[in-house]
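Enquirer: Sequence:
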Amino acid sequence: MTATSTAPAPAPAPGLWAQSALIGGRTLKHFVRSPMMLLSTFGFPLLQLFMLLATFKIIVHDTLGESYVVRLAPLVILITSFSAIGSSAIAFWVDIRSGVFNRLRVMPVHALSMLLGRMLGDLVRILGIAVLVALIAQLPGFRFRQGVAAAAGFFVLVALFGLMCTSLAVVAALSAPYPPVIMRWVQMPTLALTMLSTGYMPREAFPSAIRPVIAANPVSTAVEALVGLSRGGPLLVPVLATVAWTVGVSALCAWVTARRFRGFVAG
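The numbering of the sequence shown is this note's numbering, which starts it at 643 and goes up by one.
Hints should not be assumed to be uniformly reliable.
DEER-style ranges, computed between Cβ atoms [stated by the list, open to error]:
(1) MET693 with ALA858: 27 to 35 Å
(2) MET837 with VAL773: 23 to 31 Å
(3) GLY685 with VAL823: 25 to 33 Å
(4) ALA900 with ALA847: 37 to 45 Å
(5) VAL855 with THR697: 21 to 29 Å
(6) GLY890 with ARG845: 16 to 24 Å
(7) GLY905 with VAL790: 39 to 47 Å
(8) VAL879 with ALA793: 18 to 26 Å
(9) PHE686 with ALA858: 22 to 30 Å
(10) ARG668 with VAL773: 17 to 25 Å
(11) ARG785 with GLY685: 21 to 29 Å
(12) VAL790 with ARG739: 41 to 49 Å
These are calculated hints, taken from the structure and not from any lab test. Ideal placement from N, C-alpha and C gives every residue a C-beta, glycine not left out.
Could you put together the complete structure from these sequences and hints?
Expert: See below:
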């Protein structure tokens, strides 16, 4: 009598979040292996921080009586989140229209894992830059003076802002007919939101006629919330406004993405 051997059962496929983490790791590996991307992503925010400090810190301190780095460091962190929209959208645009996405569709891989993985990798990158800028900004005087919980809240808000930016990047990638259009869609709105915010100057420094617009700007609410969590100051209103902006825009982007992504999955 011969014993019959049974083939081992195949290992279960990783779940959606495990697959997303793997693709997010792929996104980060591509980023780390690109010297030019590393230089522009980490070098530009630090260059901007110290150039603006050298140019405006005396003027701001003399006219408004506060250290410029208190609001400039949070602004630079938010600008890097904005700058990730264009590069992330272009990379995702290429991925979903190339053989990479087609190969994944015929494998036991959840279609959403590519989308979530891209967002996860970019969010980790945004938070990494935020930590680096916050650490380097200690040199000219930036400090977390409100305790550990407030410092943790600082980076939670940065993560929410980053989630909003990665959500916008996905919508841009799914909607743009070709990559150059993405930069035209992204550059002017983000530049206007940044310039017309309380990151460069407090609201009182703007003409009174446009102060309501400045105060409602999502970059302004985020800057004020981050200033409150680091140096101290009003918290409830700017934090709630920032959460409302980021969650609201992210939810709208999720709805648009769900409608558009089905077409790519269906092929």
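Enquirer: Can you list which hints this structure breaks, lowest number first?
Expert: Result: no hint breaks.
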